[in-house]
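Colleague: Sequence:
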Amino acid sequence: MKFYIIVFLLFCAGNLAAQNNIESILISIEKNNKELQASEQLTLSKKLEAATENTLPDPNVSYERKWGKPASIGKTGELSVSQSFDFPSVYVHKNQLYDLKSDLYDQQKQIIRQQVLLNAKTICLDLVSLFQQQKLLSLRLQNVQKLSALYQKRLSTGDANILETNKIELELYNIKTQMRLIETERNNKLKELQTLNGNLPIGEELTDYSPVDFPENFEIYSQEAIAADPELRSLENELKVARKNISLSKSLWFPKFEIGYIREMEPTDKYNGISFGISIPLFENRNKIKQAKALSGYTQMQIENTRLQSLSTLRQLYDQATNLKVSMQEYNKLLQSQKTLSLLNKALENGQLSMIEYFIEANQVYESMQNYLQLENQYQQIVSQMYRYKL
0 MKFYIIVFLL FCAGNLAAQN NIESILISIE KNNKELQASE QLTLSKKLEA
50 ATENTLPDPN VSYERKWGKP ASIGKTGELS VSQSFDFPSV YVHKNQLYDL
100 KSDLYDQQKQ IIRQQVLLNA KTICLDLVSL FQQQKLLSLR LQNVQKLSAL
150 YQKRLSTGDA NILETNKIEL ELYNIKTQMR LIETERNNKL KELQTLNGNL
200 PIGEELTDYS PVDFPENFEI YSQEAIAADP ELRSLENELK VARKNISLSK
250 SLWFPKFEIG YIREMEPTDK YNGISFGISI PLFENRNKIK QAKALSGYTQ
300 MQIENTRLQS LSTLRQLYDQ ATNLKVSMQE YNKLLQSQKT LSLLNKALEN
350 GQLSMIEYFI EANQVYESMQ NYLQLENQYQ QIVSQMYRYK L
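Per numbering that gives the first Met the number 0: the sequence shown ends with 390, consecutive numbering throughout.
Any given hint could be a false lead.
[Unchecked claim] 16 Å max Cα-Cα, derived EDC-like pairs, lysine to aspartate or glutamate:
id	residue 1	residue 2
1	Lys108	Asp228
2	Lys65	Glu77
3	Lys134	Glu204
4	Lys324	Asp212
5	Lys93	Glu52
[What the hints assert, rightly or not] Ranges of calculated distance between the beta carbons of each label pair, as one might list FRET restraints:
id	residue 1	residue 2	range
6	Phe217	Asn304	19 to 27 Å
7	Glu184	Glu223	34 to 42 Å
8	Thr51	Phe282	21 to 29 Å
Just so you know, the hints here were simulated from the structure itself, not pulled from any lab data. Small disclaimer: the values here were computed from a predicted structure and weren't measured. Don't be surprised by glycine CBs; every beta carbon is placed ideally from N, CA and C.
Work out the full structure, taking the sequences as your base and the hints as a guide.
Modeller: Shown next as structure tokens:
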């Protein structure tokens, strides 16, 4: 089999039989990530805060003690216990509002979760690309090392000159420098992934991309993506909360009530009774309904704007992925039409190519392979953004 085809299959197509570890890494990060753990606690705190908004006010207990003058008239006392409460419909709306707010906080947590996992997946895809670049450079290094040994032997017999061996040594130096740079970048990516995983090492085993399904119909895909977009769903929940606040604000115009128990104690007599009061909301709720309606209108406009922006972003990502897919297919054909490295090595050994001609031809092959790796990484990154709603 042709040499470049083996390389192409190894480093570009990926090993479909190999187990893909990206999903297991994302599961681990979702479990160990400190930001997600903090988000979980914040969500719980917000829900508890919302629950406190639907409780009764604290009861009021008071006691009065009076001394008569002159002392002969005795002492009197009064004990009063009272409880105030809103109109019953207020508690119904507050309970419904709590359920809506709980859903909203869950969606806000989902947005943070998606951002963290997308960031982690981006790093995973970069690690796969860096691994494949390392393998390609290792292949180049092995090939140039063989040439170096061959030309050192030729130099000793007078069949090569020092310029040719220097050219090979320079190529060796360049390859080793690139390998060190990529190794440094890979280590940095692993540290980023480790931080996302709660400072637990992870990601060393990433070598291949997982197969991706590209949607053929943009309309069907975009409808599914928009329907599952956590940011839009969060805004829709905000709208429900805003509309429920309108109903609550209207209910607050009903009077508040207060009921209580009174016990009066005089020197010779004791009295038991009840108290009842009503609070008419003439000033406290002024403009609250207008404010709630304005917030509802604002949220509605936000939803429409976010929906348009999301559709535009999805369209751009879809077009970019389509173009990258075409470019990958073109590079596939290009690689099949180029000279193989084995033929180039043979021609160099037989004296059919000069060292300069060899490196020009070989670098074209390696450059095409490197470009393909970059295109594949870009394609994988964009498709992962397209399907971020599935994370």
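Colleague: Mind checking the alpha carbons of Lys134 and Glu204 for me, to see if they're no more than 16 Å apart?
Modeller: holds (14 Å)
Colleague: Decide if the proposed pair is consistent with the structure: Lys65 and Glu77, CA atoms, cutoff 16 Å inclusive.
Modeller: holds (9 Å)
Colleague: Given the hint that Lys93 pairs with Glu52, test it: the Cα-Cα distance must not exceed 16 Å.
Modeller: holds (7 Å)
Colleague: With respect to the beta-carbon atoms only, verify the hint that Phe217 and Asn304 lie 19 to 27 Å apart.
Modeller: The hint (19 to 27 Å, Cβ to Cβ) holds, given that Phe217 and Asn304 are roughly 21 Å apart.
Colleague: May I ask you to test the hint 21 to 29 Å on the CB atoms belonging to Thr51 and Phe282?
Modeller: Distance hint for Thr51, Phe282 holds at roughly 25 Å.
Colleague: Starting from the hint 34 to 42 Å, judge whether the C-beta atoms of Glu184 and Glu223 obey it.
Modeller: Once the Cβ atoms are compared, 35 Å apart, the range 34 to 42 Å for Glu223 and Glu184 holds.
Colleague: Assess, step by step, whether the Cα of Lys324 is no farther than 16 Å from the Cα of Asp212, and give holds or violated.
Modeller: Since the Cα atoms of Lys324 and Asp212 sit roughly 12 Å apart, the hinted pair holds (cutoff 16 Å).
Colleague: Can the restraint linking Lys108 and Asp228 be considered satisfied, given a maximum Cα separation of 16 Å?
Modeller: Holds, at roughly 13 Å.
Comparing the model with each numbered hint stated earlier shows that all of them hold.
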